[in-house]
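Participant: So the sequence lines, in the order shown, correspond to chains A and B.
In terms of this note's numbering, the first sequence opens at residue 1 and continues consecutively.
In terms of this note's numbering, the second sequence opens at residue 1 and continues consecutively.
Derived by calculation from the structure, the hints in this document are not laboratory data.
No residue lacks a Cβ here, since even glycine has one placed at the ideal position from N, Cα and C.
Among the hints, a few may not be true.
[To be verified] Pulled a few chain B residues facing chain A out of the computed Cβ check, cut under 10 Å:
(1) K48
(2) G49
(3) H64
(4) M160
(5) G163
(6) F222
(7) D225
(8) Q228
(9) D352
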Amino acid sequence: MDAQILTVDDSASIRMTTKITLTNAGYQVTEAVDGLDGLNKAKAGNYDLIITDLNMPNMNGLQMIEALRQSGSNVGVPIIFLTTESDAELKTRAKAAGATGWITKPFNAESLVKIVQKVLGR
Amino acid sequence: MMNDPIQVFRTEASELFEQIESGLLDLLHDLSDRDQIDAVFRGLHTLKGSGAMFGFEGLASFTHHCETAFDQVRKGEVPATEALVSAILNAQDHMKALIESPGPHHDAQSERLLLTLNAALGGSSSASADGQIAIEGKAPSTKTGSTTWRLKIRLPKNAMANGTNPLGLLNELRGVGECEITADRTSFPDFLNLSPLDLHLAWDVTLTTERSRSEIEDVFMFVIDDMQLEIQELPMRSVPAGAVGDGSAPRPPQSVETVAAGKLTDTKSGSKAGDNVKVPAERLDELMDRVGELVIAQSRLSQLAASIGNGQLRDVSEDVDRLSGELRDTMMVLRMVPVGSLFSRFRRLVHDLSRETGKTIELQTDGESTEVDKTVIERLADPLVHLVRNAIDHGLEGPEERLRNGKSSTGIVSLSATQAGGEVVISIKDDGRGINRERVRAKGEAAGLVQPGAVMSDQELLQLIFKPGFSTAEKITNLSGRGVGMDVVRRTIDELRGTIDIRSEFGVGSEVNLRIPLTLAIIDGLLVRVGDSRYVIPLSAVEECLELSLEEDIRSRGRSFISLRDSLVPFLRLRDLFATGTEPELHQKCVIVSTGNERVGLVVDQIIGDHQTVIKSMSKLHSTADMFSGATILGDGGVALIMDVNQLVLRGQSKEALMRAAV
Numbered sequence: 001m002d003a004q005i006l007t008v009d010d011s012a013s014i015r016m017t018t019k020i021t022l023t024n025a026g027y028q029v030t031e032a033v034d035g036l037d038g039l040n041k042a043k044a045g046n047y048d049l050i051i052t053d054l055n056m057p058n059m060n061g062l063q064m065i066e067a068l069r070q071s072g073s074n075v076g077v078p079i080i081f082l083t084t085e086s087d088a089e090l091k092t093r094a095k096a097a098g099a100t101g102w103i104t105k106p107f108n109a110e111s112l113v114k115i116v117q118k119v120l121g122r
Numbered sequence: 001m002m003n004d005p006i007q008v009f010r011t012e013a014s015e016l017f018e019q020i021e022s023g024l025l026d027l028l029h030d031l032s033d034r035d036q037i038d039a040v041f042r043g044l045h046t047l048k049g050s051g052a053m054f055g056f057e058g059l060a061s062f063t064h065h066c067e068t069a070f071d072q073v074r075k076g077e078v079p080a081t082e083a084l085v086s087a088i089l090n091a092q093d094h095m096k097a098l099i100e101s102p103g104p105h106h107d108a109q110s111e112r113l114l115l116t117l118n119a120a121l122g123g124s125s126s127a128s129a130d131g132q133i134a135i136e137g138k139a140p141s142t143k144t145g146s147t148t149w150r151l152k153i154r155l156p157k158n159a160m161a162n163g164t165n166p167l168g169l170l171n172e173l174r175g176v177g178e179c180e181i182t183a184d185r186t187s188f189p190d191f192l193n194l195s196p197l198d199l200h201l202a203w204d205v206t207l208t209t210e211r212s213r214s215e216i217e218d219v220f221m222f223v224i225d226d227m228q229l230e231i232q233e234l235p236m237r238s239v240p241a242g243a244v245g246d247g248s249a250p251r252p253p254q255s256v257e258t259v260a261a262g263k264l265t266d267t268k269s270g271s272k273a274g275d276n277v278k279v280p281a282e283r284l285d286e287l288m289d290r291v292g293e294l295v296i297a298q299s300r301l302s303q304l305a306a307s308i309g310n311g312q313l314r315d316v317s318e319d320v321d322r323l324s325g326e327l328r329d330t331m332m333v334l335r336m337v338p339v340g341s342l343f344s345r346f347r348r349l350v351h352d353l354s355r356e357t358g359k360t361i362e363l364q365t366d367g368e369s370t371e372v373d374k375t376v377i378e379r380l381a382d383p384l385v386h387l388v389r390n391a392i393d394h395g396l397e398g399p400e401e402r403l404r405n406g407k408s409s410t411g412i413v414s415l416s417a418t419q420a421g422g423e424v425v426i427s428i429k430d431d432g433r434g435i436n437r438e439r440v441r442a443k444g445e446a447a448g449l450v451q452p453g454a455v456m457s458d459q460e461l462l463q464l465i466f467k468p469g470f471s472t473a474e475k476i477t478n479l480s481g482r483g484v485g486m487d488v489v490r491r492t493i494d495e496l497r498g499t500i501d502i503r504s505e506f507g508v509g510s511e512v513n514l515r516i517p518l519t520l521a522i523i524d525g526l527l528v529r530v531g532d533s534r535y536v537i538p539l540s541a542v543e544e545c546l547e548l549s550l551e552e553d554i555r556s557r558g559r560s561f562i563s564l565r566d567s568l569v570p571f572l573r574l575r576d577l578f579a580t581g582t583e584p585e586l587h588q589k590c591v592i593v594s595t596g597n598e599r600v601g602l603v604v605d606q607i608i609g610d611h612q613t614v615i616k617s618m619s620k621l622h623s624t625a626d627m628f629s630g631a632t633i634l635g636d637g638g639v640a641l642i643m644d645v646n647q648l649v650l651r652g653q654s655k656e657a658l659m660r661a662a663v
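Using the sequences and the accompanying hints, generate a full structural model.
Facilitator: See below:
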């Protein structure tokens, strides 16, 4: 079965790009519009990978990652976050919260697919 | 629904503009409205990120400066002013134009608006003229024939729970070149302690590839900061296959590094791999245990030799004594690693903290070659991180405040290590504002850690910052100020049988000294008798031994102080403390022990002599007996408890405080 991916972003355009890119690469993509929505969908669903923005209203990405890891659901599910610049401090905090890796914006289709493949272990 | 992401972006951008605008207008009414500051920042941030995604580079780089400005406001580095808010309101129209008709013809206008923004920030903005967003680039790899690398890979324990797939990484390595992978199961726990979510395996990999070191490191890009990764280039001659047994790939060289965590070993081409032998740490521990048993057996032998009085036997015994002492010392050296490996981690931390706090910081290190037991090094890492963070967050002032106080704008944090006898002293020093004792006291009272008005020594007062639940930071920052951390420092140092001492001068700086025994397994002790039982006092803490005559004891009763070269030293009658129920000896002895700057006398019945002690830790059931740090087996098979000098000194000091209060 195709891998299930959840993309969490408050920006509709980024969600759409992610969805188009990953659907073309053969993945099933579900969208969530902010951290809270992402948390609920991730808990209810059965995803192989979660891609999330960090800066979002209602619940930011860091809080979502932390809540997900602490809830005990989605243990071992890779979580990739989107970050604008290569911000070392943010990376450290996101990883401490339980994130697996990151992708730097702006990204192109190729780099997104490459990271997704890397993290899913093909 | 539109299917063109660029069209979706334009719609989204106009919503973002509304969000930013209404936020800015609300801010004009109330400049301190945090929710609006956050909303505006978020809006600008998304606009920049999405703009860059869809090719609006002009918009992205221009918005970047506005975002940076608001980030400074958000972090409280610059105040939100009317001028700043207006500057961004004006800039908004320009952003809209940048989306409508992207192109270089806007550059002049961009520059003009950024100048206004800069002026509104007080001219200190970091908005640079180039306006480019850095995009991570990879250094071109240099391809030079194929090289054989030896990798030691240990991922963080929680890697799998956090989504990293170790198998995927190993498969990726196989894609980089020809691999021989061996699992290292030495840290695999027994079945009862096995948690399926934790990662207990490590790997040794021999990899032959044309790719560069950085390309190998790229495989671990997401975990490289948290893991232990050693990449060593193997000498060329080992590349040809078939050297050993089954080996179609070269065997790892027989090598040893006493591996310090997180260390990246670069083997110099000159060093010969064959000079080293690799030994798992576990086997060293086993050997240590054996040496410990030998030391115990030896002390039985010398007691026996002394009681029999046979000269030849005594000669042999003395020889064996010397040899076992040397064996012990050699054993210790095997387990030693230089502290430099620990210090080197702090460069990155200080760099990050410097960026985060906006303070200019210089890290100085000294005594990197000082060697400490490897277990001690591993356990010291966390406390040191806390102390360095604390020094930077609470100790160092911002550049302006420093200049105002006549200091250079760069704050200095120094880490140093020196060996002093059987101890290593690690000192963390800053030239910041120092500890405000009144505030510490007030906080301590507020947190219920001190009785209001209680008499305390300066050291006791300063030590308050290591109590659980104590925190002087009025506002919680990312770094410190949550009141957790410093008490963890205290606990870890206690567990290492070390001591902490703080010096601080208000306005000049602070210094925290950690004194840690070089090794955890064996100590030299002073064997004493109290009542019918024997006890060991760590020799490194003993300053001197005095005789306490019965008359003197009686004279000082109720006060428990002896006068030692013009200073009063409190003493504890161990016979009373341990409730032995025996009568005091005619000539009691008083052993003066110290923890560096505090002294206390321990009254014992008899001093038996010095004794090499192999420490056996106490069971959980006895963990509340805080006056003792462990136990040891004596030459005659009896058991002696090892005194925890820190705890005893604390008891003595509280006595002193009581007395001061009474005077």
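Participant: Determine for every hint whether it applies to the structure shown.
Facilitator: Against the structure, the hints:
Because the closest C-beta pair between B/K48 and chain A is about 7 Å apart, less than 10 Å, the hint holds. Given hint, B/G49 at the interface with chain A, holds; its Cβ is 5 Å from that chain's nearest Cβ, closer than 10 Å. Given the 10 Å rule on beta carbons, the hint for B/H64 holds: about 9 Å separates it from the nearest Cβ of chain A. Nearest Cβ of chain A to the Cβ of B/M160: about 6 Å, under the 10 Å cut. The hint holds.
At about 3 Å, the closest approach between the beta carbon of B/G163 and any beta carbon in chain A falls short of 10 Å, and the interface hint on this residue holds. For the restraint placing B/F222 at the interface with chain A, the shortest Cβ-Cβ distance is roughly 4 Å, inside the 10 Å limit, so the hint holds. For B/D225, the interface hint holds, since its Cβ comes within 10 Å of a Cβ in chain A; the closest pair sits about 7 Å apart. The closest approach between the C-beta of B/Q228 and any C-beta of chain A is roughly 16 Å, which is over the 10 Å cut-off, so the hint fails.
Hint status for B/D352 relative to chain A: holds, with the closest Cβ pair at about 5 Å, below 10 Å.
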